[in-house]
Amino acid sequence: MKRYTIIALLLLSLVSCEKVIPFDTSISEHEMVLNAVPSAEKQLFVYFANTRFFLDSTNNQPVGGTDMVMSINGIDYRPTSVDRCNYFFDYTVQEEDSLAIRIQAGDRAITAHTTVPRMPRISQPVAYTNDTGAFHLLLVNFNIDDYPDHKDYYCITLRQRDSGSRYSHYFERYDTIDTTYATFFLCNDKDLIDPFIAANLSVSGFSPFNQLLTPDDNFDGESHNTTLTLIRLTDTNEVVPYIHQYTLDIETVSPDRYRYLQEIATATSMMQLITEPPAIYSNVNGALGIFAANARRTFPLITLTGGTLPPPEEPTNKHHR
Amino acid sequence: MYRHIILYALLLIPLGLHAQHTVSGTVTDHATGETLIGATVLDTRSGKGTITNANGRYTLTLKATDATLRITFVGYEPIYDTIDLTHNQTRNYSLKPSIQLQEVVVRAQRVNSRESSQMSALEMPVEQLKAVPVLFGEADIVKAIQLLPGVQSGNEGTGGMYVRGGGPDENLFLLDGIPLYNVNHLGGFFSAFNAEAVKNVTLYKGSFPARFGGRLSSVLDVTTNNGNDREIHGNASIGFISAKLNVEGPIIKEKTTFCLSARRTYADFLMRPLVRRLATDVDGKAKLVAGYYFYDLNGKVTHKFSDKSRLYATFYHGDDDVYTKVRTESSLAEDQYLDFANNWGNTVGGLRWNYVLGPKMFMNLSASYTQYNNRMVVGIEKDAILDDGSEQVSTVKGNYLSSIYDLTGRVDFSYTPTPDHNLQFGTYYTRHWIRPSVASGSIDYFDQIQMNSAWQIDTVIQEDTVRANEMVFFAEDDWSINDVFKINYGIHVSGFGVEDVFYPSVQPRISGRALLGDNLSIKVGYAYMSQYMHLLSTTSISLPTDLWVPSTRRIPPMTAHQVAAGVVYNTDIGVDFSLEGYYKHMSDIIEYKDGATSFGSTVGWEELVCLGDGWTYGAEFLAQRNYGNLTGWVAYTWSRTTHLFDRPGQELNNGKPFPAKYDRRHDLSIVLTYKFNKNFDISGTWVFSTGNTATLSMEKYPVASDDPDAYNGTPHMDNTLSHVSSRNNFRMPNYHRADISVNFHRTFKQSKSSLPETADKNAPVWRPKMRRTINISVYNLYNRANPYLTYTSSQYSYQGYSKALVQLSIFPILPSIAYTLYF
Chain A
8 MKRYTIIALL LLSLVSCEKV IPFDTSISEH EMVLNAVPSA EKQLFVYFAN
58 TRFFLDSTNN QPVGGTDMVM SINGIDYRPT SVDRCNYFFD YTVQEEDSLA
108 IRIQAGDRAI TAHTTVPRMP RISQPVAYTN DTGAFHLLLV NFNIDDYPDH
158 KDYYCITLRQ RDSGSRYSHY FERYDTIDTT YATFFLCNDK DLIDPFIAAN
208 LSVSGFSPFN QLLTPDDNFD GESHNTTLTL IRLTDTNEVV PYIHQYTLDI
258 ETVSPDRYRY LQEIATATSM MQLITEPPAI YSNVNGALGI FAANARRTFP
308 LITLTGGTLP PPEEPTNKHH R
Chain B
25 MYRHIILYAL LLIPLGLHAQ HTVSGTVTDH ATGETLIGAT VLDTRSGKGT
75 ITNANGRYTL TLKATDATLR ITFVGYEPIY DTIDLTHNQT RNYSLKPSIQ
125 LQEVVVRAQR VNSRESSQMS ALEMPVEQLK AVPVLFGEAD IVKAIQLLPG
175 VQSGNEGTGG MYVRGGGPDE NLFLLDGIPL YNVNHLGGFF SAFNAEAVKN
225 VTLYKGSFPA RFGGRLSSVL DVTTNNGNDR EIHGNASIGF ISAKLNVEGP
275 IIKEKTTFCL SARRTYADFL MRPLVRRLAT DVDGKAKLVA GYYFYDLNGK
325 VTHKFSDKSR LYATFYHGDD DVYTKVRTES SLAEDQYLDF ANNWGNTVGG
375 LRWNYVLGPK MFMNLSASYT QYNNRMVVGI EKDAILDDGS EQVSTVKGNY
425 LSSIYDLTGR VDFSYTPTPD HNLQFGTYYT RHWIRPSVAS GSIDYFDQIQ
475 MNSAWQIDTV IQEDTVRANE MVFFAEDDWS INDVFKINYG IHVSGFGVED
525 VFYPSVQPRI SGRALLGDNL SIKVGYAYMS QYMHLLSTTS ISLPTDLWVP
575 STRRIPPMTA HQVAAGVVYN TDIGVDFSLE GYYKHMSDII EYKDGATSFG
625 STVGWEELVC LGDGWTYGAE FLAQRNYGNL TGWVAYTWSR TTHLFDRPGQ
675 ELNNGKPFPA KYDRRHDLSI VLTYKFNKNF DISGTWVFST GNTATLSMEK
725 YPVASDDPDA YNGTPHMDNT LSHVSSRNNF RMPNYHRADI SVNFHRTFKQ
775 SKSSLPETAD KNAPVWRPKM RRTINISVYN LYNRANPYLT YTSSQYSYQG
825 YSKALVQLSI FPILPSIAYT LYF
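Protein sequence lines correspond, in order, to chains A and B.
According to this note's numbering, the first sequence is numbered sequentially starting from 8.
According to this note's numbering, the second sequence is numbered sequentially starting from 25.
Treat the hints as calculated values from the structure; they're not laboratory data.
The reader is advised that the hints may include incorrect statements.
[As the list claims (entries may be wrong)] Subject to a maximum C-alpha distance of 20 Å in a straight line, what follows is the list of computed SDA-like cross-link-like pairs (lysine to any residue):
1) A:Lys49 - B:Lys680
2) B:Lys699 - B:Gly652
3) A:Lys26 - B:Thr814
4) A:Lys26 - B:Ser729
5) B:Lys277 - A:Ile79
6) B:Lys724 - A:Leu295
7) A:Lys26 - B:Lys680
8) B:Lys827 - A:Ser64
9) B:Lys680 - A:Leu295
10) B:Lys724 - A:Thr32
11) B:Lys827 - A:Phe61
12) A:Lys26 - B:Leu832
13) B:Lys827 - A:Ile34
14) B:Lys699 - B:Val599
15) B:Lys724 - A:Lys49
16) B:Lys724 - A:Phe60
17) B:Lys724 - A:Asp31
18) B:Lys827 - A:Asp31
Build the full structure now, drawing on both the sequences and the hints.
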């Protein structure tokens, strides 16, 4: 791969050149951004800041002179501590809480509201690997028991803990330049696939983020046994002694957060290199950002040490609440 | 139908019946038998005249009993012919190339441009267009056309055409009357028109004659060579990246001719050993196979049954292929290949029968076929060695296909009842089969551990062939009202049936001129246009992701009203000036929603687009000299183009107006060719344009998280979002560039021609037996770094920031050389 890179760079240096474009940096004006993901069973906090200029590599700056009030189930709370742009409230978020925020920043009024979804009812996931000779697979089996009387959306994320990334890449390492990898996030239950991601695929869906987003309509209040399959498509040139810990996050998300995650997935996909940059969905009046709750369960899965894990004898259907 | 008959009848009302006779015929090149388009036939006694049409035919009806006709075509010696006009008669003329000007063929435009009633039309001499220096020295008609006023190019070096604020899909490219959908090779760096096969090029930028329709912004009418009807001739050329061959001649002398042209790039051949050498394993196996090439083939056969009847068969096929295959090793000692292949191109074919119904009327009856395909394959192949030593191949493959098939039948008539009227009317029908995008995937997977388990998955999404019917009736009259006023008026009636809807459209067209003295004319024009096919494009360069889609129940046709006015002034020193102003309003234009692209999407394209409006206005100036040793033009355009997408649920830019992608305030082109002598000429161009617009995300903010620590680390692209204040909010640096081209000609041998006896039996014609041209050209003479792409880079700093906005320029100074042998 090094050689190819050198060839590409050599050709590029022969026929192309880079040059800084001078322009007036004062043409841009900061906006305010409010981000909050009130999460069930966690302390409530809100991020409120100014946007930063796109060439600026430092963190976003706080907004001065703000008055923030959070109404939780009709009771007003004010932040009890502030750490730079994070405003903490002395309150632990509960399922089905109704939250509304009001911020006065100078002459700008910012408002938003959300309702916390219920915790997902999930069986203990079981992970196993399968080296088929053609592909290396990681399979994760679990059961989602949907609430029949509740409209929730689900976001399922597989994380590789030691990669330093919030996204997982099965078996692969970022620092191995000879690695060419692609990870497909397959799901055996076509009803769970978000139409946005994979409308008519008969057996599998593809999520560029290794996040499976699925609306409540796919569940209809029923229980679904699901197996996620991650395929490693290519290998490294050398056998890497991998030690990776995987965790599975399954969260129920509010409709606003669902749409927000969808649009982020679109905005950060490879195709964005050739499209107009999209505006990301916001449910905040008077500012950018999102105010949308979730309820998350995290399951440690496996610690792979280079070997394979046998498949479970039978799927586990014990629910965790 | 009755309405159309009445319409035709109304058009005939102004035609009076007088005691008059008609002389008609064909004007051809004496040496080759090629018909000459735009030759002037003038009665020097009455001052009445006409020009030959696209078939080289003329019809002139005069009231006098005798006339002296002067037949001229610049670059050729004129013919004078005194005729007795007591009856209708056919007179065919063969013009001899002028000895003095035989190397540079130029055209008598200057009289036509002032006298023509047609507004916003430009007919450029092909030889002059071919002389324009361009990228890699590859003569390109489309890129030369981009240097005309009102025509803008896309990104640097590309062939995308943006005419008077219209998109690249709003141009109708006609090859011998047959539409081409994709005229780009290599991402638009080359056009599909092989300059060696082209005889005539006419560009209409607005006020289209009624015979044209289906696009909002322009018509580029390209006519190819019929072929020499006496001897086999041709040329072979080898250049920096491609080789060309053009052969023409008689199949049956003076009856049947052929013209064949072929072109292919060979960068893939040249690069293959290099790639193989640099990307080979120690065991000698290639790790990378990659290449790109395009080729095109033009063919035309013309058969002359009689002076009244000719048959033309046209064929074109062009293809682009890009391919890569990367081999990687796996820990299981298997061979694994990553494949990517993309292939796109057009195939067109057509038959046209040209029949002279009478001295005043002739007919064209034609049938044509157009096909456009774009295929892409991405795949992974794994060769596993099983325990028993046998080989098992597993594949994961994704395919993408977009295609259009058109079948058209057409009949049109040209009728010249009096010298003051030239009627053209006809009808055509097109059946479209459009598959905007078909994506399919397959997994053929063998499980080595569970030997009995194999997966075979095939899935197809969005297989939705759209069938549509397009019907058109048109009628137009070019009417010389008196010595001062002349108008071209007509109507284009079309209908488009798709799914269960039918879109009718009645499009009036009119343009006229008034002669003010010997040198000056003023012109005005109005046209209403409708377009049923759209190109969905995400970028400024032509990519395989571009998608041709039809109007549907949800997506109505695009329409445009355009008005224009201008003046034409011919000087006595051979320079023509024209100044035009225009305003165009476009409705139901479509654009992708922010962030959307059909490629890789699993929802229908109709869900990904917005409908909106646009308007554009501007002024165009052209100073042009088409004959003499110094030829060329200076073109300047001032324009403004704005789009508005504010319909509920289809807002772009928050429903506010925004500048279009190619909204440029200033465009200037200077093109000059100087012929020192018959062996040496030099051409140069200089272009300047205001920078393109671009959407720049000026502000950044973090992705929302339920973890407070996520906000405190170093901002990273993974956890940062961009805020776009408005679409196309940034103006790239201005573009300018100079190119130069030098031609060295040499004639090897001259011989007395053994031309067959013709109408003019005197004077033998001396002409070269064989000659060659060496072309040396330099693109981007002063190495200007023009922007091709912009991005932010942390390799640079700017005004105290640790990053900078950077432009990538891809074409530095590029010399090239080409050798052409004419035989």
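A quick look at each hint next to the structure:
1. A:Lys49 - B:Lys680: violated (41 Å)
2. B:Lys699 - B:Gly652: holds (8 Å)
3. A:Lys26 - B:Thr814: holds (9 Å)
4. A:Lys26 - B:Ser729: It is violated: about 36 Å lies between the C-alpha atoms, which goes past 20 Å.
5. B:Lys277 - A:Ile79: violated (95 Å)
6. B:Lys724 - A:Leu295: Holds, at roughly 10 Å.
7. A:Lys26 - B:Lys680: Given that 20 Å is the threshold and the Cα spacing comes to 32 Å, the pair is violated.
8. B:Lys827 - A:Ser64: Since the Cα atoms of B:Lys827 and A:Ser64 sit roughly 8 Å apart, the hinted pair holds (cutoff 20 Å).
9. B:Lys680 - A:Leu295: holds (19 Å)
10. B:Lys724 - A:Thr32: Holds. B:Lys724 to A:Thr32 sits at ~14 Å (cutoff 20 Å).
11. B:Lys827 - A:Phe61: holds (9 Å)
12. A:Lys26 - B:Leu832: Holds, at roughly 7 Å.
13. B:Lys827 - A:Ile34: holds (17 Å)
14. B:Lys699 - B:Val599: The hint holds at about 17 Å.
15. B:Lys724 - A:Lys49: Between B:Lys724 and A:Lys49 the Cα gap is close to 27 Å, so the pair fails against 20 Å, i.e. violated.
16. B:Lys724 - A:Phe60: holds (6 Å)
17. B:Lys724 - A:Asp31: holds (17 Å)
18. B:Lys827 - A:Asp31: holds (15 Å)
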